[in-house]
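Asks: Chains as they are written, first to last, in numbering that gives the first Met the number 0: chain G, 0 to 239; chain F, 0 to 239; chain W, 0 to 239; chain A, 0 to 239.
Keep in mind that the hints were calculated from the coordinates and are not lab data. Keep in mind the model is a prediction, meaning the values are calculated, not measured. Hints should not be assumed to be uniformly reliable.
The list treats identical chains as interchangeable, and a pair is accepted whether it falls inside one copy or across any two copies.
[To be verified] List time: in silico EDC-like cross-link candidates among lysine to aspartate or glutamate, alpha-carbon distance up to 16 angstroms:
| id | residue 1 | residue 2 |
| --- | --- | --- |
| 1 | K84 | D58 |
| 2 | K237 | D79 |
| 3 | K118 | E143 |
| 4 | K226 | D64 |
| 5 | K15 | E124 |
Number of protein chains: 4
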Amino acid sequence: MAAIRVTVWNEFRHEKKHDAVKKVYPDGIHAAIAEGLKPGGFEIRTATLDEPEHGLTDDVLASTDVLTWWGHMAHGDVSDDVVAKVCARVLEGMGLITLHSGHYSKPFRKLMGTTCSLKWREAAEKERLWVVEPSHPIVEGIDEYIELEHTEMYGEFFDIPEPDELVFVSWFPGGEVFRSGCCFKRGQGRVFYFRPGHETFPIYRDENIVRVLANAVRWAAPVERPKLAFGNRKPLEKLG
Amino acid sequence: MAAIRVTVWNEFRHEKKHDAVKKVYPDGIHAAIAEGLKPGGFEIRTATLDEPEHGLTDDVLASTDVLTWWGHMAHGDVSDDVVAKVCARVLEGMGLITLHSGHYSKPFRKLMGTTCSLKWREAAEKERLWVVEPSHPIVEGIDEYIELEHTEMYGEFFDIPEPDELVFVSWFPGGEVFRSGCCFKRGQGRVFYFRPGHETFPIYRDENIVRVLANAVRWAAPVERPKLAFGNRKPLEKLG
Amino acid sequence: MAAIRVTVWNEFRHEKKHDAVKKVYPDGIHAAIAEGLKPGGFEIRTATLDEPEHGLTDDVLASTDVLTWWGHMAHGDVSDDVVAKVCARVLEGMGLITLHSGHYSKPFRKLMGTTCSLKWREAAEKERLWVVEPSHPIVEGIDEYIELEHTEMYGEFFDIPEPDELVFVSWFPGGEVFRSGCCFKRGQGRVFYFRPGHETFPIYRDENIVRVLANAVRWAAPVERPKLAFGNRKPLEKLG
Amino acid sequence: MAAIRVTVWNEFRHEKKHDAVKKVYPDGIHAAIAEGLKPGGFEIRTATLDEPEHGLTDDVLASTDVLTWWGHMAHGDVSDDVVAKVCARVLEGMGLITLHSGHYSKPFRKLMGTTCSLKWREAAEKERLWVVEPSHPIVEGIDEYIELEHTEMYGEFFDIPEPDELVFVSWFPGGEVFRSGCCFKRGQGRVFYFRPGHETFPIYRDENIVRVLANAVRWAAPVERPKLAFGNRKPLEKLG
């Protein structure tokens with residue numbers, strides 16, 4: 000079986016502008032995610048916003064099985080043309096893993112059809128992600144919960160369609176809960192939203208988070224099948 | 000309890016251009032749907048594409064609990080501005096009932112996030128809609144299936160997100176099946192896609208179809224609740 | 000429309016044995032629930048474990064639209080014969096609202112097919128139930144969350160099938176979350192599991208809880224349809 | 000990665016009693032299924048009703064990752080004790096693939112909590128199974144539909160809980176449809192119901208059916224995780 004081809008996309012602006020972020024992710028969030036995925040045996044490359052076509056040319060998209068997406072301060076700078084291509088590729092089979100503040104990214108919002116709004120707070124709170132779907136391949140190797148010492152809080156109501164599978168629900172000390180691991184199927188493709196990952200905390204170096212990401216890549220990888228077919232059709236049976 | 004306020008929207012082009020359609024629906028498809036809904040005790044008005052703002056002004060939308068949508072040949076003529084307002088109202092709570100060829104309408108596609116493509120054939124085939132969710136209010140008063148003598152065929156794969164509730168599955172003599180009654184929840188609102196209703200057949204005068212429409216209006220009507228709230232939040236509990 | 004006929008079932012043992020419970024619910028938990036439902040315009044009666052056939056004779060079940068169930072210390076005393084009849088009536092269309100410790104009741108476990116186990120703690124903790132399905136009739140009139148000052152904690156993993164609709168997720172100060180408002184459809188009937196309601200706290204006098212119960216009764220009430228039909232069938236179409 | 004350990008269970012009565020069945024499956028349905036799965040690289044054994052403990056001893060169950068189940072004329076001869084053990088193992092993580100007339104088997108009914116009844120007809124009809132969830136690993140390598148020339152018909156309403164994932168919907172020439180490929184998650188385990196497989200047709204030698212079975216084994220195989228934990232718990236956070 001050929002290796003799953005992963006493209007790790009990152010906005011890569013915070014890391015250049017804010018020292019606090021640069022300290023946590025000196026080579027960018029994408030470099031940390033790529034490093035975490037390496038032991039998974041994937042074929043990995045990275046792409047960032049300020050490259051031509053945001054690094055997501057037709058060739059790159061066509062040869063990507065799973066795209067991971069981290070963005071935050073510059074969602075509006077992503078071109079609608081690239082967004083349209085990314086979404087079309089998802090419907091064709093490419094997996095999309097949307098991370099943390101990517102809830103507000105254009106491709107995720109377009110695929111969900113809702114505002115994807117939520118409540119938030121930056122107070123370096125603890126997060127405890129409880130597994131609520133224990134048979135799911137995304138939680139292979141994960142205990143009954145994952146604990147992260149310092150995170151940005153996201154709280155309900157999270158304006159997404161009802162997830163096709165709800166894998167994690169998060170607890171925060173400030174009194175909120177959040178559906179933090181959500182699976183969606185769209186066309187021939189799959190989307191996983193995974194909440195953790197604020198730019199000022201080294202969350203993408205946490206071994207449980209890295210494990211979930213690798214599991215999610217495998218879950219979201221396309222199955223081999225003919226392209227979806229639509230349009231006018233002759234009857235398969237003789238009409239009376 | 001105040002009456003549910005329904006706006007029946009119709010493209011209303013076929014009925015003016017094609018004699019075959021005019022014969023079936025002389026006053027327009029909207030008039031037939033409105034007439035069918037009348038015994039339900041709803042407050043009903045109609046709106047059509049060629050009215051200013053397609054008849055869907057801010058005032059109309061703000062005072063609509065459930066919007067039914069029939070369109071076919073002129074989806075592209077619906078202004079993106081009106082589409083954005085319709086979708087925003089759905090997320091705020093307005094019900095949307097998308098009928099037949101409305102699967103390709105802009106508001107439905109935007110709310111689904113997928114292509115909403117399907118297979119089709121015009122051969123005046125029989126359709127048998129089987130109830131697969133018998134506890135659902137949308138099938139109140141409906142037998143184990145609904146039969147329609149002459150319909151346009153729609154076949155799978157229907158490129159929609161997995162319905163939150165699947166109520167009807169259709170059988171066609173040419174060999175196809177179709178998920179023909181599909182419930183979706185989006186934000187604070189609800190969407191029902193209902194397949195039957197080709198312009199050249201008097202389907203909106205069928206008593207079972209009319210019954211499903213009235214049931215669907217009741218199911219999709221908004222519940223009274225505060226508006227959804229988002230954004231930055233103080234903790235509800237004292238942080239340690 | 001005829002009034003919905005509700006039977007409020009209660010084990011009614013704690014209230015006789017434990018003074019702390021008697022003080023909160025002097026006439027039994029069933030009396031409090033029945034009183035709370037009264038303004039809803041339902042036709043209400045009660046039934047308890049120590050009545051003949053637990054108060055759930057064939058006549059009572061046949062004339063019950065929605066059954067609410069509270070039990071805790073004596074699940075094992077409920078006869079398997081009555082359990083079989085209750086489950087059969089649910090599949091025929093009777094609504095079942097399972098309350099709090101009723102997660103371990105025989106009818107609920109039989110209808111779920113899983114252990115329905117969970118984690119728990121009696122520490123009079125706060126509970127905050129967040130609405131995660133804001134378009135649902137069960138949350139009509141409910142704000143973005145319900146707060147209860149003193150409750151028994153239930154924590155994930157809650158061993159139920161994935162709910163058909165997840166309406167509430169609870170937060171507890173001890174660090175747990177819980178899927179606390181869960182809708183299930185079974186046969187022609189509907190089941191709502193609602194977590195709050197420990198016997199030592201006056202939770203069934205809380206106005207939000209009472210409101211959810213009344214909403215749930217309406218949601219779970221049967222729709223009028225022919226009985227489900229099964230077995231050998233002649234073809235509906237001529238076989239070639 | 001260790002090979003997935005599959006136990007192929009068969010009632011194995013028809014094949015001894017009825018010549019028509021013996022001709023199609025001379026060594027039993029289990030032998031045909033086992034042969035079909037062989038290229039998948041699984042570790043396969045078989046078990047049948049008339050062996051001691053139906054071939055499903057504690058040791059066999061403990062060392063089974065996925066159990067496939069075919070039964071029809073002797074569901075009542077399966078001991079309740081073995082049924083309880085099979086269901087407990089599913090909740091612990093063992094996959095269960097229930098085939099055709101196994102819809103009425105004791106383990107499937109117990110795990111579903113419903114009657115699992117349906118409509119049926121033996122008229123050697125064609126079946127066309129349409130894929131309605133094209134991103135699912137169970138349809139890897141499968142075209143937009145599977146066609147079987149001669150089958151027993153099963154029709155809706157199929158009295159199961161709403162599937163967690165609906166993969167196939169079948170069309171029959173007699174006018175019926177059927178949800179014929181249904182995924183369920185129960186506890187830490189997974190269940191796949193797959194309709195085709197009548198004893199008088201060589202369906203388990205069809206290459207598409209064999210492919211789906213192998214895919215389903217992989218989908219249903221347990222993930223490695225700690226056992227589910229329940230019961231009384233100390234708080235994870237300091238209570239105020």
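Asks: Look at each hint and say if it fits the structure.
Replies: Hints, verified against the model:
| no. | hint | result |
| --- | --- | --- |
| 1 | K84 - D58 | within (11 angstroms within a copy, 36 angstroms between copies) |
| 2 | K237 - D79 | neither (46 angstroms within a copy, 42 angstroms between copies) |
| 3 | K118 - E143 | between (25 angstroms within a copy, 12 angstroms between copies) |
| 4 | K226 - D64 | within (15 angstroms within a copy, 32 angstroms between copies) |
| 5 | K15 - E124 | neither (25 angstroms within a copy, 45 angstroms between copies) |
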